[in-house]
Amino acid sequence: MYLDWWDNERRFARLPALVAGLSVTDRMKLLDRDIDCRRPPTRGFALMSQYDAHQAVTLATEHPENPMAADLIFDANTRLGLEALRGRDKQAAVQYLFAATETRGSERLRYVGFTTELPRSLVDRGERSAVAEFLDRCVRFSSAERGRQLQDWASQIPKGTNPDLQPSNPAVVL
4 MYLDWWDNER RFARLPALVA GLSVTDRMKL LDRDIDCRRP PTRGFALMSQ YDAHQAVTLA
64 TEHPENPMAA DLIFDANTRL GLEALRGRDK QAAVQYLFAA TETRGSERLR YVGFTTELPR
124 SLVDRGERSA VAEFLDRCVR FSSAERGRQL QDWASQIPKG TNPDLQPSNP AVVL
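Under the working numbering, think of the first position of the sequence shown as 4, with each following residue one higher.
What the hints contain is simulated information worked out from the structure, not anything from laboratory work. A few of these clues could be false.
What the hints assert, rightly or not - The calculated label-pair distances, taken between Cβ atoms and stated as ranges, are:
(1) 68 / 165: 38 to 48 Å
(2) 65 / 161: 34 to 44 Å
(3) 114 / 68: 31 to 41 Å
(4) 161 / 68: 35 to 45 Å
(5) 90 / 148: 31 to 41 Å
(6) 167 / 129: 30 to 40 Å
(7) 110 / 154: 13 to 23 Å
Given the structure is predicted, the values throughout are model-derived calculations rather than measurements. The beta carbon of each residue, even a glycine, is placed where N, CA and C say it ideally should be.
Sequences are here, hints too, so could you generate the full structure?
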């Protein structure tokens, strides 16, 4: 739990020792929990979140065969994109948005869906073509029904329509 800046500093300093003895899957689970988008964007959390997200991308890239790798790549890049937006770096957020789609997909992404906070925020900031391209890329690892919905949204956005980008399952949040 992220209580304050100093707790995060202590955790940050201990993290390498804490994860050294863990299996790849356990490290991925730990990092996936730590990049959760539901946490408030406090200064300390933002720092830890970015560190954990970069670690998650590195770990998932080194172990693509792991069942959690695809989710971790998607989730971590989404978290990094949100943090870039909070830092007012729209171009970096777009790059992370595209990096999130550089995964083979997973059962969760295919059937459950993903949070759309980053694409919604980018549409609101005028990055319509980037979000439309992102949605088109997501079709390849989505279920047929979800894929049709994503294609529909991708066609509406360049026309100036702001579709109600919602996850397929409202309970799903990264």
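Going through the hints against the structure:
no. : hint                  : result
1   : 68 / 165: 38 to 48 Å  : holds (39 Å)
2   : 65 / 161: 34 to 44 Å  : holds (37 Å)
3   : 114 / 68: 31 to 41 Å  : violated (21 Å)
4   : 161 / 68: 35 to 45 Å  : holds (37 Å)
5   : 90 / 148: 31 to 41 Å  : holds (36 Å)
6   : 167 / 129: 30 to 40 Å : violated (18 Å)
7   : 110 / 154: 13 to 23 Å : holds (21 Å)
Checked against the numbered hints given earlier, this structure breaks hints 3, 6; the rest are met.
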